[in-house]
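Sequences listed follow chains Y and V, in order. Using the working numbering, the letters of the first sequence map in sequence onto residues 1 to 199. Using the working numbering, the letters of the second sequence map in sequence onto residues 1 to 199.
None of these hints come from the bench; they were simulated from the model. It should be emphasised that the depicted structure is a prediction, and the values quoted were computed from it without experimental measurement. Hints may contain errors.
Stretch by stretch, here's where chain V covers chain Y in the computed footprint (C-beta under 8 Å, at least three residues) [said to hold, decoys possible]:
id	segment
1	20–26
2	120–129
Quick list of in silico lysine to any residue cross-link-like pairs, SDA-like style, CA-CA up to 20 Å [as the list claims (entries may be wrong)]:
id	chain 1	residue 1	chain 2	residue 2
3	Y	K55	V	A72
4	Y	K28	Y	D57
5	Y	K99	V	K99
6	V	K28	V	N102
7	V	K99	Y	V197
8	Y	K55	Y	Q75
9	V	K99	Y	A11
If you want the ones that stay clear, here's a sample from chain Y, every Cβ over 12 Å from chain V, calculated [unchecked claim]:
id	residue
10	T53
11	P70
12	G82
13	V87
14	K99
15	S134
16	D142
17	V161
18	S175
Glycine included, every Cβ here is placed at the ideal spot set by N, Cα and C.
2 protein chains.
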Amino acid sequence: MKIVVVGATGAVGDAVVNALGDRHQVIKVGRSSGDMHLNVESSEDIRALYEKTGKVDAVIATIGHGYFGPVAEMQSDQFLQGIEHKVMPQVNLVLEGIKHMNDGGSFTLTSGVLNRDPIRGGAAASAANGAIDSFVLGASVDMPRGIRINAVSPGLLDVSVERYEGFFSGFEPVSSERVGLAYLKSVEGANTGQVLVVD
Amino acid sequence: MKIVVVGATGAVGDAVVNALGDRHQVIKVGRSSGDMHLNVESSEDIRALYEKTGKVDAVIATIGHGYFGPVAEMQSDQFLQGIEHKVMPQVNLVLEGIKHMNDGGSFTLTSGVLNRDPIRGGAAASAANGAIDSFVLGASVDMPRGIRINAVSPGLLDVSVERYEGFFSGFEPVSSERVGLAYLKSVEGANTGQVLVVD
Numbered sequence: 001m002k003i004v005v006v007g008a009t010g011a012v013g014d015a016v017v018n019a020l021g022d023r024h025q026v027i028k029v030g031r032s033s034g035d036m037h038l039n040v041e042s043s044e045d046i047r048a049l050y051e052k053t054g055k056v057d058a059v060i061a062t063i064g065h066g067y068f069g070p071v072a073e074m075q076s077d078q079f080l081q082g083i084e085h086k087v088m089p090q091v092n093l094v095l096e097g098i099k100h101m102n103d104g105g106s107f108t109l110t111s112g113v114l115n116r117d118p119i120r121g122g123a124a125a126s127a128a129n130g131a132i133d134s135f136v137l138g139a140s141v142d143m144p145r146g147i148r149i150n151a152v153s154p155g156l157l158d159v160s161v162e163r164y165e166g167f168f169s170g171f172e173p174v175s176s177e178r179v180g181l182a183y184l185k186s187v188e189g190a191n192t193g194q195v196l197v198v199d
Numbered sequence: 001m002k003i004v005v006v007g008a009t010g011a012v013g014d015a016v017v018n019a020l021g022d023r024h025q026v027i028k029v030g031r032s033s034g035d036m037h038l039n040v041e042s043s044e045d046i047r048a049l050y051e052k053t054g055k056v057d058a059v060i061a062t063i064g065h066g067y068f069g070p071v072a073e074m075q076s077d078q079f080l081q082g083i084e085h086k087v088m089p090q091v092n093l094v095l096e097g098i099k100h101m102n103d104g105g106s107f108t109l110t111s112g113v114l115n116r117d118p119i120r121g122g123a124a125a126s127a128a129n130g131a132i133d134s135f136v137l138g139a140s141v142d143m144p145r146g147i148r149i150n151a152v153s154p155g156l157l158d159v160s161v162e163r164y165e166g167f168f169s170g171f172e173p174v175s176s177e178r179v180g181l182a183y184l185k186s187v188e189g190a191n192t193g194q195v196l197v198v199d
């Protein structure tokens, strides 16, 4: 299969490439590294990416960041960061990608642990995750030509423990290998409209 | 209790006022009807509303609409309508409202059935509901002074069956009385971070 991985050089993207890279033709997309470059916040850039890739069999998005801070001090535009930098780029990769997706292909988006196991300061991130999880369910009943769509919702990755020191106190890290397997299942399996939780 | 109901003149708002109106001081807020008027898309208007109400014991938001249409033809700005007209107004009522909320008060937001029971053309609405459901969980662990926050997720209301003719085929309507009870539970109960499903 020809698979586009957007966010291929992040921690989750690494796990995806390790799980899929030997089995499929993986096109690694990053902001400034990888096989192709993409500003994920630009719908125009997303359209241009698909013009270059041509028809694909799977798109995996492992991108997104948002605001962390106490809800009592949060401003509207801070809340919106998760929508702008995580939800919309992933949704736009789907909306723009459907016409470039081969029959029976799949989209796999990435949410995260915070809308099942919240932390202080994480309300905006929780909301972004919830939007993604619910979008894949809603979109799954609407997809043409047997196209599938799922989300992977990983817990704290083993390789990211140091980076998030102090935020995820007591969270049991999950192995990058297990996270990679969830993407493999989404791409090669029959699931659609599902949130594949890796805890 | 002094309770602000934003969206008081809609179908769900009616159910809320019927359930709470005899027991509490309810301030009905609508776009152009009710005790006070509000453009919910404006954070400035929301701030002005709270300046007028003064301290409150509960805020209930029963507002929001979004785009319905096939995901294969959906544009990014159509998807965004649910974020702009449902998610952000409700989130902003919380962000702006915390400092006007009495200790131990509560926020109750409104999502809906489409992120547990999707329909064709409903992907954007599903995502908006998911953002709200997940926001209340994330915000609940972060609220100061014992303030609580929940969402009510009603199915298709009995009084709305005709309005949505053809969209919710086979959905069993729920009574407005049962929907009202969920808001009553959120306001007077001890729950926080919960999605109160009425199916």
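Results for each hint:
no.	hint	result
1	20–26	violated (count 0)
2	120–129	holds (count 10)
3	K55/Y to A72/V	holds, 16 Å
4	K28/Y to D57/Y	holds, 14 Å
5	K99/Y to K99/V	violated, 47 Å
6	K28/V to N102/V	holds, 19 Å
7	K99/V to V197/Y	violated, 36 Å
8	K55/Y to Q75/Y	violated, 41 Å
9	K99/V to A11/Y	violated, 38 Å
10	T53	holds, 19 Å
11	P70	violated, 6 Å
12	G82	violated, 9 Å
13	V87	violated, 7 Å
14	K99	violated, 8 Å
15	S134	violated, 2 Å
16	D142	violated, 4 Å
17	V161	holds, 21 Å
18	S175	holds, 25 Å
Comparing the model with each earlier hint shows violations of hints 1, 5, 7, 8, 9, 11, 12, 13, 14, 15, 16; every other hint is respected.
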